[in-house]
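Novice: Residues per chain are reported as follows:
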Amino acid sequence: MDTRFKPPRELPVSDGISKIKDLEARAVLVDMEEGVVNQLLKGPLSNLFKSRQCITGISGSGNNWAHGHDVYGPQYGEAILEKIQSEAEKCESLQSFNILHSLGGGTGSGLGSYIMEALHDNYSGVLRISVPVFPSKDDDVVTSPYNSMLAVKSLVDHADCVLPIENEALCEILDKMEVRKLRSPTLYVPKPSKGKKHPSGKGFDAMNEIVANLLLHLTSSVRFDGSLNVDLNELTTNLVPFPKLHFLMSSMSPALHGPSHENAAQLPTVNQLFTDVILHKNQLVKGNPLACTYLASAFLFRGSQSNVSDLSANICHLRQRMKMVHWNPEGFKIGHCFRPPLHAPQALLCLANNTCIRNPFKRMKKRFEKLFKKRVYVHHYAEYMDLGTFALALDSLEDLIEHYGEHEGPLMLRQFA
Amino acid sequence: MRDCVRARVRERERMGVVVLQVGQGGNQFGLSLFDALFSLTSSLANEFFREPRRSADLPRARAVLIDSEPKVVAAVKRRSRAMGYWRYGPYSSYTEDSGSGNNWAKGFCRLGPSWQDALSDLVRREVEMCDIFDGFITSQSLAGGTGAGIGSYLLEVLKDEYPSCNTLSHCIWPLEGECTVQYYNVVLSIAHLCDVVDGLLLVKNETLMSTCKKALGIQRPSFDDMNTVGARALASVLVPAYYQTKPKLTGLLKSSGKAATTCKVKSSDCQSQMMSSTQVRILSDLVTGLCSHPKYRMLALRNTPQVPTGLDNSTTHPWKSHLKQLKQMLYMEPSWAMESTSSVHGHKCTSDYSAFRKIDRCVANLLVLRGKGSSDADVSLLEDKALYPVWSKDPLMVATNTAPLGDFHIFASLLSNCSSAIAPAAHALSRARAMHASKAYLYQYAKHGLSMDDFDTSFEAIEAVLEQYREL
Numbered sequence: 001m002d003t004r005f006k007p008p009r010e011l012p013v014s015d016g017i018s019k020i021k022d023l024e025a026r027a028v029l030v031d032m033e034e035g036v037v038n039q040l041l042k043g044p045l046s047n048l049f050k051s052r053q054c055i056t057g058i059s060g061s062g063n064n065w066a067h068g069h070d071v072y073g074p075q076y077g078e079a080i081l082e083k084i085q086s087e088a089e090k091c092e093s094l095q096s097f098n099i100l101h102s103l104g105g106g107t108g109s110g111l112g113s114y115i116m117e118a119l120h121d122n123y124s125g126v127l128r129i130s131v132p133v134f135p136s137k138d139d140d141v142v143t144s145p146y147n148s149m150l151a152v153k154s155l156v157d158h159a160d161c162v163l164p165i166e167n168e169a170l171c172e173i174l175d176k177m178e179v180r181k182l183r184s185p186t187l188y189v190p191k192p193s194k195g196k197k198h199p200s201g202k203g204f205d206a207m208n209e210i211v212a213n214l215l216l217h218l219t220s221s222v223r224f225d226g227s228l229n230v231d232l233n234e235l236t237t238n239l240v241p242f243p244k245l246h247f248l249m250s251s252m253s254p255a256l257h258g259p260s261h262e263n264a265a266q267l268p269t270v271n272q273l274f275t276d277v278i279l280h281k282n283q284l285v286k287g288n289p290l291a292c293t294y295l296a297s298a299f300l301f302r303g304s305q306s307n308v309s310d311l312s313a314n315i316c317h318l319r320q321r322m323k324m325v326h327w328n329p330e331g332f333k334i335g336h337c338f339r340p341p342l343h344a345p346q347a348l349l350c351l352a353n354n355t356c357i358r359n360p361f362k363r364m365k366k367r368f369e370k371l372f373k374k375r376v377y378v379h380h381y382a383e384y385m386d387l388g389t390f391a392l393a394l395d396s397l398e399d400l401i402e403h404y405g406e407h408e409g410p411l412m413l414r415q416f417a
Numbered sequence: 001m002r003d004c005v006r007a008r009v010r011e012r013e014r015m016g017v018v019v020l021q022v023g024q025g026g027n028q029f030g031l032s033l034f035d036a037l038f039s040l041t042s043s044l045a046n047e048f049f050r051e052p053r054r055s056a057d058l059p060r061a062r063a064v065l066i067d068s069e070p071k072v073v074a075a076v077k078r079r080s081r082a083m084g085y086w087r088y089g090p091y092s093s094y095t096e097d098s099g100s101g102n103n104w105a106k107g108f109c110r111l112g113p114s115w116q117d118a119l120s121d122l123v124r125r126e127v128e129m130c131d132i133f134d135g136f137i138t139s140q141s142l143a144g145g146t147g148a149g150i151g152s153y154l155l156e157v158l159k160d161e162y163p164s165c166n167t168l169s170h171c172i173w174p175l176e177g178e179c180t181v182q183y184y185n186v187v188l189s190i191a192h193l194c195d196v197v198d199g200l201l202l203v204k205n206e207t208l209m210s211t212c213k214k215a216l217g218i219q220r221p222s223f224d225d226m227n228t229v230g231a232r233a234l235a236s237v238l239v240p241a242y243y244q245t246k247p248k249l250t251g252l253l254k255s256s257g258k259a260a261t262t263c264k265v266k267s268s269d270c271q272s273q274m275m276s277s278t279q280v281r282i283l284s285d286l287v288t289g290l291c292s293h294p295k296y297r298m299l300a301l302r303n304t305p306q307v308p309t310g311l312d313n314s315t316t317h318p319w320k321s322h323l324k325q326l327k328q329m330l331y332m333e334p335s336w337a338m339e340s341t342s343s344v345h346g347h348k349c350t351s352d353y354s355a356f357r358k359i360d361r362c363v364a365n366l367l368v369l370r371g372k373g374s375s376d377a378d379v380s381l382l383e384d385k386a387l388y389p390v391w392s393k394d395p396l397m398v399a400t401n402t403a404p405l406g407d408f409h410i411f412a413s414l415l416s417n418c419s420s421a422i423a424p425a426a427h428a429l430s431r432a433r434a435m436h437a438s439k440a441y442l443y444q445y446a447k448h449g450l451s452m453d454d455f456d457t458s459f460e461a462i463e464a465v466l467e468q469y470r471e472l
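Here the protein sequences come in this chain order: A and B. Residue numbering for the first sequence is 1 to 417, as defined by full-length UniProt numbering. Residue numbering for the second sequence is 1 to 472, as defined by full-length UniProt numbering.
These are computed hints drawn from the structure, not numbers from a lab. Glycine residues also receive a C-beta, built at the ideal position from the N, C-alpha and C atoms. There's no promise every hint is true.
Facing chain A, a subset of chain B residues (Cβ under 10 Å, in silico) [as the list claims (entries may be wrong)]:
no., residue
1, Ala75
2, Asn102
3, Ile218
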């Protein structure tokens, strides 16, 4: 299960049939405070995690990327790598590292960046997939604009594939589910959690459940049979045409439990899933991909009620609404896994490399510049790092925005013009 | 029957063909193929199947299953066992866990070489279980990394290890939008395969899907449905059929170089005394006769009917209408300009593309007719000189078998060395060039050792093939 302060850890990959007490997550949990990790080790899923998989500090990173990256990185780096090594050795064939972290604070972003760089050095042949939580505009961490900007540079340089998440987008998805619940009372909506809540009032548990579904869906082809298997390597090959343009918009339909099975008539058809998944309201990062250009996209379907002709037919229809980049008018990847998710009889995940990803980066840049103009809090960072790092990070972000911008524009081939 | 002919008949019965199934698409299709081969005739038991060690066991498919991840091969083997008529050999597969990431370069430049020894051994073991080895048929998809990349590499290796044996490559052409980098993989595969296989049979998923929908009324065909149609089509030229007269093969006679795993040596004495009815020797005759010219290797397969017709429902001249249908099919592949504007799911407006109708000119054709009266059928429609270039001597080979093909009382197949591949190959080439010009995805291929120049070489090779066929 994911937590708000996502420590970096590998995804658990198992058959999901054995009793939970026999399973151990392929994970390394890192946090510079003990509270969250200790909670996990005592909580309902405590059997999944052993204390030897955890590295904790005591005093936290003070919401300071530089503290996480330049102090704790060197301090804990070796120990972390050892733990990663011991988990990696247990894998017969290591596919990828999935790094789950938030970019607003100090540990997930700073130490997370350090770990990403170390993985690149030590395991260059293994995919590094990051699922970072981008800070929202009402983030309660004042230094989050600095932390996220500095972390993004690391993601640009060292990750193979990034699936950003914005809490605001998750909240909106949950909002819509609550509205739907008013109309159909049997609709399942996760109960608000008792613990810490997002400023919007939504529980983190519900939001994390959406992200957990994303990760489960992403790896479904690796775990189960299908007529068109898609593993993680295939995703990066197909969706990342240029090395630095590896930030993907993700969306799912349904994102969470759909209508209960008593209302079979309300179950979405496969066509409905396809229509839903490209809408801006279902994206896990705020943005409207239909208004921008697709460099490539992947549609991963789970369920056995539909087959390749349904998927292919829907792709044909969607193409008419999507602006594809001129050199890749048929830039689609289809995946089909027979096993549906636990929460619905069929589901669709769309991963899109779309130029609208510039928007969250532009927002990030704006927030950063607002703060940095007055050099607010900068002295905290100067304690641990060279201030030139900010300039480098800003350059990197601007390059990224520009590079994506090059593929936007009127020179799109409309396939059915 | 003269002794040498009796011996030759016996040898034919003991000849073996090894099928190499590579990648997900290749393995899924291979399962359907063996199923079709087994159910459509029993006399193939020795060519595509071998007896198990214990007679109580099921016959074993002469196959080698290869994939870069284990799930598909495991599922295919499980399904063969579950069907209960035949099965794959327990040690006839090679899988790893790495996946090839839809990356042709990873398959061809990395995984292929590192698996070479293991695959060679596996193939050799299967080949040695043939009393007389006729050659390979490969089943692979061109869209991904394993079937396309590792498949291409393996065929190069086998060309060296078995220089005198023939290979027919059954290549599945992907649907649009199956895979973003599919055009790179398709172009790279064809460019390499053309040099090492004898015949390249391209089968489009789109065509199979269309057949399922229009001819079979399956509204939402699955891959299984499509593979069943494709497998029946291929099996229809592989199961026994007989030439009326000895075909005048324009190819070179192949002689064996190795001891145990050789192809047959043709004795000219036996040939001259052959009876008028000669069995089609699956690979040797098929590919040597059809693909004797080194620059013309592209094959297409058409057949009719798609749905079994009862004997009572046959018209007075059933063969005439089927042969007419086959000839019309040579017109039916519209130019790519039309195909790209019509959706996968139908509606090819006949009045629209009549202006674009061009016949697929053929270098040579193998016509296989099955069912009552097949040996008397009038094949002159397909002897039409307009179909062939002037330099192609005796381009039409006709083989027949009065036995029906499974449920089909009457069945006609046309395996053509023809220009059907021009349109899709040209489309793939133009898409690949567009991506290449933008340098899209090239770093993924460069990571595994494939440079921009390597792409250029492949583009030129495809251009050369297209040029040849355009000149027909």
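Novice: Does the structure break any of the earlier hints, and which numbers would those be?
Specialist: none
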